[in-house]
Amino acid sequence: MSRRGRYAADRGLTTRMLLVVFLLGLLYVVGMGLLIGYGVSPLLVIVVAGGFFAFQYFASDRVALYAMNARLVEPAEAPELHGVIDRLCALSDTPKPRVAVADVDVPNAFATGRSPQRAVVCVTTGLLRRLEPDELEGVLAHELSHVAHRDVAVMTVASFLGVLAGLITRFALHATMFGGVGRGRSDSGKGNALPVIVAVVLVSAIVYAVSFLLIRALSRYRELSADRTAALLTGRPSSLAAALTKVTGQMSQVPTRDLRAAEPFNAFFFSPAHATGFSLSSLFATHPPLEQRLAQLASMAQAG
Amino acid sequence: MGLLDVLLGRQKPVPANLDALFALPAAGVGLQAATGLAPTGVGAVCIKPGEGAVFTAAQTEVTALLRLDEDTVVDQTRDAFGYLWTTARTGDDRLADVVTALHAANTTYERAGFGTSLLCSLVGFAGEVDGRQASVGLVYLYKRGTTYPFAPLGGEKRDTALELRVRAALGEDVRVEPDLSRWFPVWGAPGL
Numbered sequence: 190m191s192r193r194g195r196y197a198a199d200r201g202l203t204t205r206m207l208l209v210v211f212l213l214g215l216l217y218v219v220g221m222g223l224l225i226g227y228g229v230s231p232l233l234v235i236v237v238a239g240g241f242f243a244f245q246y247f248a249s250d251r252v253a254l255y256a257m258n259a260r261l262v263e264p265a266e267a268p269e270l271h272g273v274i275d276r277l278c279a280l281s282d283t284p285k286p287r288v289a290v291a292d293v294d295v296p297n298a299f300a301t302g303r304s305p306q307r308a309v310v311c312v313t314t315g316l317l318r319r320l321e322p323d324e325l326e327g328v329l330a331h332e333l334s335h336v337a338h339r340d341v342a343v344m345t346v347a348s349f350l351g352v353l354a355g356l357i358t359r360f361a362l363h364a365t366m367f368g369g370v371g372r373g374r375s376d377s378g379k380g381n382a383l384p385v386i387v388a389v390v391l392v393s394a395i396v397y398a399v400s401f402l403l404i405r406a407l408s409r410y411r412e413l414s415a416d417r418t419a420a421l422l423t424g425r426p427s428s429l430a431a432a433l434t435k436v437t438g439q440m441s442q443v444p445t446r447d448l449r450a451a452e453p454f455n456a457f458f459f460s461p462a463h464a465t466g467f468s469l470s471s472l473f474a475t476h477p478p479l480e481q482r483l484a485q486l487a488s489m490a491q492a493g
Numbered sequence: 009m010g011l012l013d014v015l016l017g018r019q020k021p022v023p024a025n026l027d028a029l030f031a032l033p034a035a036g037v038g039l040q041a042a043t044g045l046a047p048t049g050v051g052a053v054c055i056k057p058g059e060g061a062v063f064t065a066a067q068t069e070v071t072a073l074l075r076l077d078e079d080t081v082v083d084q085t086r087d088a089f090g091y092l093w094t095t096a097r098t099g100d101d102r103l104a105d106v107v108t109a110l111h112a113a114n115t116t117y118e119r120a121g122f123g124t125s126l127l128c129s130l131v132g133f134a135g136e137v138d139g140r141q142a143s144v145g146l147v148y149l150y151k152r153g154t155t156y157p158f159a160p161l162g163g164e165k166r167d168t169a170l171e172l173r174v175r176a177a178l179g180e181d182v183r184v185e186p187d188l189s190r191w192f193p194v195w196g197a198p199g200l
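In the order they appear, the protein sequences are chains A and B. Everything in the first sequence is counted per this note's numbering, starting at 190 for the first residue and increasing by one. Everything in the second sequence is counted per this note's numbering, starting at 9 for the first residue and increasing by one.
Hints listed in this document are in silico derivations from the structure and should not be mistaken for laboratory results. The model shown is predicted, which means the values in this text are computed figures rather than measured ones. Each residue gets a CB set at the ideal place from its N, CA and C atoms; glycine is no exception. Wrong hints could be hidden among the right ones.
[To be verified] Pulled a few chain B residues facing chain A out of the computed Cβ check, cut under 7 Å:
hint, residue
1, Gly17
2, Thr71
3, Arg175
[Said to hold, decoys possible] For lysine-lysine, the following BS3-like pairs were computed, each having C-alpha atoms within a straight-line distance of at most 30 Å:
hint, chain 1, residue 1, chain 2, residue 2
4, B, Lys20, A, Lys285
5, A, Lys435, A, Lys285
6, A, Lys435, B, Lys20
7, A, Lys285, B, Lys165
My request is simple: use the sequences and hints to build the entire structure.
Written out as structure tokens, the structure is:
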């Protein structure tokens with residue numbers, strides 16, 4: 190048994206993660222190149238996109254808590270919950286996040302906040318009601334892993350590209366309607382302008398679509414990473430697997446109205462909320478399928 | 009966590025610092041002189057139990073190792089959070105013996121591959137403070153290499169004033185945890 194750790198590094202996951210991050214960076218470069226080549230004032234686009242990005246980055250915790258109607262709880266109000274989080278933070282040597290509880294019967298948990306120092310971990314009363322202590326601990330370890338990996342910041346930066354590409358498309362259409370494309374004003378130049386504009390718009394749209402798919406793929410890999418780190422932290426992959434099975438299974442019994450209300454926030458959640466009958470293509474999913482998550486945890490349990 | 013770790017979404021399990029525990033005997037002397045709290049001869053190691061037979065074997069090995077000293081009474085109990093407390097009640101009140109026993113337990117767990125599962129160690133103190141019986145534990149955090157005092161009052165209340173006095177009494181001998189938010193309560197810990 191290795192002195193450094195009981196679980197071997199997962200090279201496949203690391204390679205895929207690196208590839209996705211690289212491709213996103215490449216798209217960013219392509220996007221900026223289009224921008225400058227097109228002649229739109231780079232400063233304006235950067236300022237507007239930067240404004241959206243800054244808002245998302247700084248306000249994510251407050252927005253998420255408000256949307257889920259969650260409230261922060263003190264240690265005296267929820268001693269068991271704080272106790273579990275205290276110990277997990279001591280075990281992983283991370284700062285303790287603020288703790289919130291959402292009064293919702295859908296069993297779920299999420300973590301938000303732009304850095305480990307400004308993080309909030311929220312659980313729903315539905316989750317607290319349904320899970321055993323070791324399963325709850327697995328879920329909390331998963332959320333703390335998101336905090337430690339800075340997933341909110343990473344996904345915000347990654348989605349910045351999508352915003353940027355969308356802005357390029359919008360500015361291209363805007364400039365088209367008012368005419369005057371490029372620097373040349375000669376008559377021969379005007380005849381060629383329209384196909385150029387269409388090409389630029391089309392490429393920007395494709396850039397946006399591809400970035401969207403890549404961001405979804407990145408989200409799935411971050412979820413698997415959080416599962417892995419949580420299992421390493423608690424040393425109990427099976428408890429996390431049990432929690433996953435319970436949460437996903439229980440969600441199919443929750444009344445549809447509650448699920449539909451929770452759906453917009455799927456990217457944040459421990460397990461995505463889907464109303465029955467609403468099928469989602471796997472390319473667009475923010476979370477990996479349950480079978481894939483369980484398979485990873487099972488292989489860790491076998492190795493350990 | 010470096011940039012590469014953030015990009016790849018990984019966090020290595022934090023290794024335990026086993027050696028800083030040996031600063032406790034010197035600190036205990038200073039503590040006794042300043043507050044009158046004496047070691048009770050009880051030390052406990054708190055570890056997150058892993059799944060499977062490997063951990064159970066390590067647990068058995070630790071129990072056997074500690075029992076080599078006939079005067080030591082060894083207990084393995086689980087607390088409400090599912091953590092395992094390995095308690096050694098040595099016959100005497102010499103802190104050096106308690107710390108040696110704890111170190112033996114720690115290194116056994118670490119060699120078995122569970123070093124990253126070690127949460128904390130606790131060394132018990134008791135005595136009369138301000139006319140009443142007080143019980144204080146010095147909790148050593150493996151992942152930080154720091155110590156903090158914990159003084160329960162019964163019924164999930166803490167004697168924070170006493171804890172701060174103990175912190176002052178510990179002085180320079182031992183690294184006290186500077187971040188007060190990390191002084192998490194260990195309710196129901198053995199030895200208190």
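Right, here's what the structure says about each hint:
no., hint, in the structure
1, Gly17, "4 Å, holds"
2, Thr71, "19 Å, violated"
3, Arg175, "18 Å, violated"
4, B/Lys20 / A/Lys285, "18 Å, holds"
5, A/Lys435 / A/Lys285, "27 Å, holds"
6, A/Lys435 / B/Lys20, "28 Å, holds"
7, A/Lys285 / B/Lys165, "21 Å, holds"
Comparing the model with each numbered hint stated earlier shows that hints 2, 3 do not hold.
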